[in-house]
Each structure stands twice: as C-alpha cells, then as structure tokens.
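K.L.:
Each chain is listed here by its residues.
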Amino acid sequence: MATQVVMPKLSPTMEEGQLSRWLKKEGDKVSVGEPLAEIDTDKATMEAQALATGVLRKIFVNEGETVPLGAVIAIIGEPDEDISALVAKAGSSEAQAENKQSIQESVKAGGDGAPVELARVVPDGARTQATIEGEPLKGDVGGDAGSEQPQPASAGGNRQPPPPTKQAPPATHEGNGQGKQPSDGGGRLIVSPLAARMAAESGINLQSLTGTGPSGRIVKRDIEAAISAGQQKTSAAPSVAAPPQPEQPAPDAQTTPAPQPAAAPQTATIKPAVEGASPYRDEPMSVMRGTIARRLVSSIGPVPHFFLTTEIEMDRAAELRRSLNELDAEIKTSLNDFIIKAAAVALVQHPMVNASFQDKSIRFYERADVGVAVAIDEGLITPVVRSADRKSVGQISREVRELAERARARKLAPEEYTGATFSVSNLGMFGIDEFTAVINPPEAAIIAVGAAQAKPVVRDGEVVVRQIMRVTMSCDHRVIDGATGAKFLQTLKKILENPLLLMA
Amino acid sequence: MPIITMREALNQAMREEMHRDENIFLMGEEVAAYQGAYKVSKGLLEEFGDRRVIDSPITELGFAGLGVGAAMVGLRPIIEFMTFNFSILATDQIINSAAKMLYMSGGQFKIPIVFRGPGGSAYQVSSQHSQALESWYANFPGLKVVMPSTPADAKGLLKSAIRDDDPVIFIEQERMYGNKGEVPEDAEFTVPLGVADVKREGSDATIVSRSLMVPIALKAAEELEKQGVSVEVVDPRTIRPLDIETIVNSVKKTNRVVVAEESHAFCGVGAEISAQITEHAFDYLDAPVKRISAADAPMPYAKNLEKLAIPDVERLIAAVREVAYLD
Numbered sequence: 202m203a204t205q206v207v208m209p210k211l212s213p214t215m216e217e218g219q220l221s222r223w224l225k226k227e228g229d230k231v232s233v234g235e236p237l238a239e240i241d242t243d244k245a246t247m248e249a250q251a252l253a254t255g256v257l258r259k260i261f262v263n264e265g266e267t268v269p270l271g272a273v274i275a276i277i278g279e280p281d282e283d284i285s286a287l288v289a290k291a292g293s294s295e296a297q298a299e300n301k302q303s304i305q306e307s308v309k310a311g312g313d314g315a316p317v318e319l320a321r322v323v324p325d326g327a328r329t330q331a332t333i334e335g336e337p338l339k340g341d342v343g344g345d346a347g348s349e350q351p352q353p354a355s356a357g358g359n360r361q362p363p364p365p366t367k368q369a370p371p372a373t374h375e376g377n378g379q380g381k382q383p384s385d386g387g388g389r390l391i392v393s394p395l396a397a398r399m400a401a402e403s404g405i406n407l408q409s410l411t412g413t414g415p416s417g418r419i420v421k422r423d424i425e426a427a428i429s430a431g432q433q434k435t436s437a438a439p440s441v442a443a444p445p446q447p448e449q450p451a452p453d454a455q456t457t458p459a460p461q462p463a464a465a466p467q468t469a470t471i472k473p474a475v476e477g478a479s480p481y482r483d484e485p486m487s488v489m490r491g492t493i494a495r496r497l498v499s500s501i502g503p504v505p506h507f508f509l510t511t512e513i514e515m516d517r518a519a520e521l522r523r524s525l526n527e528l529d530a531e532i533k534t535s536l537n538d539f540i541i542k543a544a545a546v547a548l549v550q551h552p553m554v555n556a557s558f559q560d561k562s563i564r565f566y567e568r569a570d571v572g573v574a575v576a577i578d579e580g581l582i583t584p585v586v587r588s589a590d591r592k593s594v595g596q597i598s599r600e601v602r603e604l605a606e607r608a609r610a611r612k613l614a615p616e617e618y619t620g621a622t623f624s625v626s627n628l629g630m631f632g633i634d635e636f637t638a639v640i641n642p643p644e645a646a647i648i649a650v651g652a653a654q655a656k657p658v659v660r661d662g663e664v665v666v667r668q669i670m671r672v673t674m675s676c677d678h679r680v681i682d683g684a685t686g687a688k689f690l691q692t693l694k695k696i697l698e699n700p701l702l703l704m705a
Numbered sequence: 018m019p020i021i022t023m024r025e026a027l028n029q030a031m032r033e034e035m036h037r038d039e040n041i042f043l044m045g046e047e048v049a050a051y052q053g054a055y056k057v058s059k060g061l062l063e064e065f066g067d068r069r070v071i072d073s074p075i076t077e078l079g080f081a082g083l084g085v086g087a088a089m090v091g092l093r094p095i096i097e098f099m100t101f102n103f104s105i106l107a108t109d110q111i112i113n114s115a116a117k118m119l120y121m122s123g124g125q126f127k128i129p130i131v132f133r134g135p136g137g138s139a140y141q142v143s144s145q146h147s148q149a150l151e152s153w154y155a156n157f158p159g160l161k162v163v164m165p166s167t168p169a170d171a172k173g174l175l176k177s178a179i180r181d182d183d184p185v186i187f188i189e190q191e192r193m194y195g196n197k198g199e200v201p202e203d204a205e206f207t208v209p210l211g212v213a214d215v216k217r218e219g220s221d222a223t224i225v226s227r228s229l230m231v232p233i234a235l236k237a238a239e240e241l242e243k244q245g246v247s248v249e250v251v252d253p254r255t256i257r258p259l260d261i262e263t264i265v266n267s268v269k270k271t272n273r274v275v276v277a278e279e280s281h282a283f284c285g286v287g288a289e290i291s292a293q294i295t296e297h298a299f300d301y302l303d304a305p306v307k308r309i310s311a312a313d314a315p316m317p318y319a320k321n322l323e324k325l326a327i328p329d330v331e332r333l334i335a336a337v338r339e340v341a342y343l344d
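The listed protein sequences correspond, in order, to chains C and E. For the first sequence, our numbering puts the final residue at 705, and the numbers step up evenly by one. For the second sequence, our numbering puts the final residue at 344, and the numbers step up evenly by one.
It is worth saying that the hints were derived from the structure and are not from the lab. Hints may contain errors.
Negatives, chain C to chain E, calculated, CB over 10 Å [claimed, not checked]:
{"#": "1", "residue": "G265"}
{"#": "2", "residue": "L528"}
{"#": "3", "residue": "F565"}
{"#": "4", "residue": "A652"}
{"#": "5", "residue": "R671"}
Result set (BS3-like, lysine-lysine): computed pairs, CA atoms no more than 30 Å apart in a straight line [said to hold, decoys possible]:
{"#": "6", "chain 1": "E", "residue 1": "K324", "chain 2": "C", "residue 2": "K612"}
{"#": "7", "chain 1": "C", "residue 1": "K656", "chain 2": "C", "residue 2": "K612"}
{"#": "8", "chain 1": "C", "residue 1": "K612", "chain 2": "C", "residue 2": "K230"}
{"#": "9", "chain 1": "C", "residue 1": "K533", "chain 2": "C", "residue 2": "K694"}
{"#": "10", "chain 1": "C", "residue 1": "K612", "chain 2": "E", "residue 2": "K243"}
{"#": "11", "chain 1": "E", "residue 1": "K243", "chain 2": "E", "residue 2": "K324"}
Note that the Cβ used here is the ideal one computed from N, Cα and C, for glycine as well.
The task is simple: from the sequences and hints, build the whole structure.
P.N.:
Structure, rendered in structure tokens:
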C-alpha cells in the first residue's frame, strides 16, 4: 500500500522546510526507521526517517527547494504498485492543505494513501533511535500517545471495544506510540515501557524482535538477549569496518529471531568464548554515546581532515586574564574564554573557515557561533556560544560556565548544543600538550587546544621563558585549503599574543 | 535491644510521650480501668491517673469531637478507637473538623491529635469488623495516615504522630499486636512520618506492602529467593504523606512491582501507589503494576472463605512471578 511522505513539523515555529539533501533516491528500498532526507528548518538541519517500508517510488521536491509544512515530498510504495492516483492527488493544493492541517493537529491518519508524517525527526546533533518506528499509517507527530486513546463506541459502561472498521482501525496506540510489526497484519508491536527505552538507548530495532512476554510483549529480557546477540555478532567479525550506518542494523539482524532470554543481566561480567581471553561486561550504550559514535564516524570517514599546528605565546593573555579577574571577584574568566573570543573574531575575518560543505554549495555563516566541547559523565557535548565575536570575554565566560553546568545536568535544549559554525576543544586542564580533534560536521574546522606551559624559547637571540600553548586546527579540506587554515591560525595567534586587539 | 510485642511497643510510645509532655492524654472506650480492649494502654491509668487516661462512653462521634475541641485549646489528645471499624461513626469529627480546622480557621487552630486503634482483619470477626479503611482517611488533605508493620516502627511512628501538630490516623493491625521484634529503649527514638523503609533489598521485583502485608511479603520474598527471584520489599509506613521517591527508586532498580494490601483494590491506596509509579517511573516498567488486594466482597465469617479473601504468601509469589514473566 503506497503512502505519501509529507514535510513534517520539526520545530514549534516551523512553517516550511528546505529539503537540503535526499539520502535516498527514487527506486531505493527504504525501511521503517531509515534516514530519508535532511531537512533544514528555521532551527537546524534535521534528519528525517522513513515511517513506511517499501521503495521510494517518487520524489516531488528537489534538493534545495523549500516547501510548506504538509506538502507531499515523496511516495513510498511497493515496487510494482500503481501510484498514479497518489501522484495526481499530491499535486492538488487541497491535499496539501489537508495534510498540513492533519500534521498540526497531530491527527492520526487512516485509510489508503493517507498522508504519513515523514518520520519522527530529531536534531542532527542528537538523533536517537528512541523514536520507535511508527506504524506506517500513523503520523505520531508529537509523541503524545495519550491523546490517541480510542473513543468508546458509546458513553458509559460499554466495555466492548468498538468493532474494527476499515476506516478506523481499533488500534489503541498504547504508551509510547508503537507501530505494528510488519509481519503482523492487524496487531500492534507490544513493548514494555522499559524495553522500549532500553531498545532506544541501545539502538535496537524493535521490529526485529520477537517478544517473549504475554501476547508477544517485548520485555527487558528480550532486549538483553538482543544486546548480547548483537555483541556476539560484533565480536565475531571485529576486523571488518562496519559501514557508517549504526542506526540501521544489518539486514540479517532484522530477520534473525530474537534468541531466548539471556541468563545474565546486561551488566554482568561475561566469560568470553575464546579460552584465555579477558572476561568482559556489556553495558547498553547510552543515547549520547551512540550519537557521539555515529557523528564521529560520519566525520572522520567522509570528511577529509588535515591538521595545522602552531605555538602561541600566552603570557600577555594570561596577564590580561589575571588583571581582569583581580578587578572583581565576580569575574572568573579562563584562558579558554579568551581563546573562544579570539577564535570568533578570527572567524569573522576568515569567512572561509566559518563555513560548511553542503554537497553542491558552500555555506558561509553570518555569525561566529562557537561550539565549546564540554566533557560530561556520559561523554561530551558542545554547547554553543552564539555570536561569540560580539560578546565580551566576561560574557562568554559566564555563558560557558552556565552552559557547561546545565550540560552536566543534561538540561541543555537541542538548540543550545546544535548549529555551531566552529568548535573549540581544550584539553589543557588535563595537561595535554597537543592533540588533534575530530571535526563536528557540518562545521568545517575545530581547534584542539593544549596546555599553556612555561617553556624556554628563543627571542631576539636570547633564551627566555614563555607560556607556550600548542593549538592544532583540524580542517575540512573540501572547504578549507592549507593556506586558508594557516592564515586563520595566524590571525588567532596574533590576537592571543596581543590580546589588546580584542579591544580594537 | 529488647524484643517486645507490638502491643508493648505502642504502650511504651504512649507512656514515654505522656511523661515528656503533660498535655498529652488518652481517651477511648475501655482504655482506663480495663486497660484497653487489646491491652495497649496497660498500666497507664495507674501511672498517669484518671485526668489523663479517660474511659469514654460508647459514643465515637462524641469523644472524637471532645478530642478535637481539646486539641483546639492546646492539649494533645490520643483518641483510641476500639477498632477503626467504629471510627466510621466519628468520621464527621475526623474529616469535617480535625482535617479542616487548620485550613478553615486560617491557621489559628492546629489540631495535634492522634486517632489510633486496630484496623484490618482479625480472626472471624466478619464483615463489619474486618475493614481496612486507610484509603478513606488518606483521601482527605489535612490528615496524615500511618500504618506500622513492626514493633520498632510502631513505637517510633506513634511517638512522631503524637509529636506532630496535625491530626494523624494511626492504624494498628489487629492481628499484629502479638508480633515481636527488637525495639529501641531510647526515649528519643522516633521514626519520621513520610519516610518509607526498604524491609528487604532485591533486584528482580518490588513488593510495596504495608501493615499486615509486610511480613507476608517478606515470607514470599524468602520463598522466591529459593526459586532464584530476588525481591525487594518496600514498606511506605506512612500512607500520607507518601514517600513515593523510595518506591520509585526501587521500581527503577527492579522494573517490576506488585502492590500488596489488605484493603479492597477499588479506589484504594494500592491504586494511588500504582498510578504514581506509572507517572514517575513509566519508562522503567517492564510489566504493568500488579495489585494484590482483598477480595472485592464483604469479609466472610467462614474461616476458609476468610482465608481466601486476604492476600497470602502464595498469591504474592504468583504475582511476582507474573510480573517477572516467569510463568
């Protein structure tokens, strides 16, 4: 049964979306949960996942085109299905208005060819499989499953569920908006809330599992079994580099029936199959760790990195910082705040570095929004200091502290850690002399900052002691060439060695 | 630590508090000369005299109202109901006066009163005398509701209830007066209201139980351990205010929960606990919350039927195995 794919509502304020990139082309097979397209909204670039399984039959919207909410952007169907009626319908303006309406009201669609919300969509920086693949014919926009209780057929005392009809399937859409198992014609995917959460956190496709609870409910032990099965699979072929699509289990994993419940809890130490090898324990991966892995693989793989290192004399900056902090107990700037400020000022002077590779175009950002890598218990996150070039060092300092604090409390809103145009990663506080950082796409560069340390250097023929800090810039060669990067670093060095320039 | 009965622990609590504060007095049917229908007030008349240990006529509404009035003018009454079944007669004073006085007087009158006595089922006392009424009282803001399950908790909680400035409904389980346990002798030993207690730690399922159901839950947990199932037993001890945090933390650990209670399920305390677990720990549940409650019928007089009406070890074991998907 063919279904329309429509422009989803990806942010509360979104009225239209730009289709920035198709991740599938006409004729490609798609399955529920697979990324279909990248969409630029007023807030961020989001990746949209398919809600239906089949073949991407027809694309209506070209890359770069902007269409209103609810506009039909594609059709997914069986390879040989007649979709002419849907194609015709997609062109009509009434259909689009209707779709928009249905999306905004989070109304569940029913019946053949009804509009399907493109997918649960999450910001690029925080994509998660937490969104369980919905039933193909249900647009669960806000995840507000509570609003989708079936209405009783008559008021009061009627314990019978309404009889199933073709137009209104008697799905009760329980709990967290589960879709149905493809193999299961009329039923739903039944999952315990805990199992749903565990599956989301460990990136397991619930559709691939067979539940062992009552009525086939997928419960904790089924997820544990799937996790340990996945682990065995991974350890069986450790040398083969997996394709960078971690959110999509290998095809055979989808069809493999879930093994019987594992006896050991997921965090128990497991004896390896190979005699003499170290025992290990498997802990389900957090959403954040999964995201980090996915993001970094999509960086170092497809993004051609090169690295430039320079030494920066930080005596003056350190002196300025000291003087500033002595003025007022409220001012607690760090050297990193100066580096953020200097980088932002340098970015404005070197627009090529404040840019992003976009397949067919280079995107130049108007503002210097600097992402600051913050280590937290579960991994790392890069809260963004917007327009850092226009903020004082003191202001940057306060903002970074406040963002970092909330980052550690996991209280950041997506827009606070996505959409940076450049990043700074500083491991100086760990005594690291120098290191290279992995670019955070779609940014074009990141600087890795080492510790400022007293070193003997030659100045005017004399050996003197200076606070030397090594900065390594990772550049996306598709946007930045060696000389471009070098000039940016020159400017950064000049500012940090003469921090009075920040006043100029 | 001395091992004493729950009856003695409650007696100690009242005696110690009455020594500490001369505004405290005990009133109820047969509490003085007869030393209590269940001998909880044994020796108190002799020790404190008939101004502070007072036999009332058989008029629950009357002496409950006397208590509320006394509390309004600064005394700290302990009103004993011979059983909580008879408190039904006094509900106008408890619910309309005691629970609301602080609010309706704009904070002028606090009501530091304890209504205490046995509740729940006994042995073959039939429908009218076997009722667990905690959900009635817990439903009303202004009342605190306490249900101890061990002698030590009984002593510590009753002392806290007496010291509390709000009206407290203190329900002692009639079958448990003879239960023994270690009880601290320290006159300053108290158990705070509103703090649950993990009576047994476990990892596979949680039984939330109170009062009579706690020893039964502990027995079930022992049996289940032999079957390889590790059960945590949480006793809220105070129904209102309810320490939902401790319960939720346990559920987050075990992912499965059985709520065991001696009262009826419908609109019961177990329903409230179950709802709050769903609200606060939905994403941690691996199975629906399971309630094990009294039969939805008046308590039968017949011994065999009475046994079937009250949750027992076997039903609890079956419930835990069900939520843990073991059968």
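K.L.:
Please go over all the hints and tell whether each is borne out by the structure.
P.N.:
Against the structure, the hints come out as follows:
no., hint, in the structure
1, G265, "holds, 39 Å"
2, L528, "holds, 45 Å"
3, F565, "holds, 42 Å"
4, A652, "holds, 40 Å"
5, R671, "holds, 45 Å"
6, E:K324 to C:K612, "violated, 52 Å"
7, C:K656 to C:K612, "violated, 40 Å"
8, C:K612 to C:K230, "violated, 38 Å"
9, C:K533 to C:K694, "holds, 23 Å"
10, C:K612 to E:K243, "violated, 44 Å"
11, E:K243 to E:K324, "holds, 25 Å"
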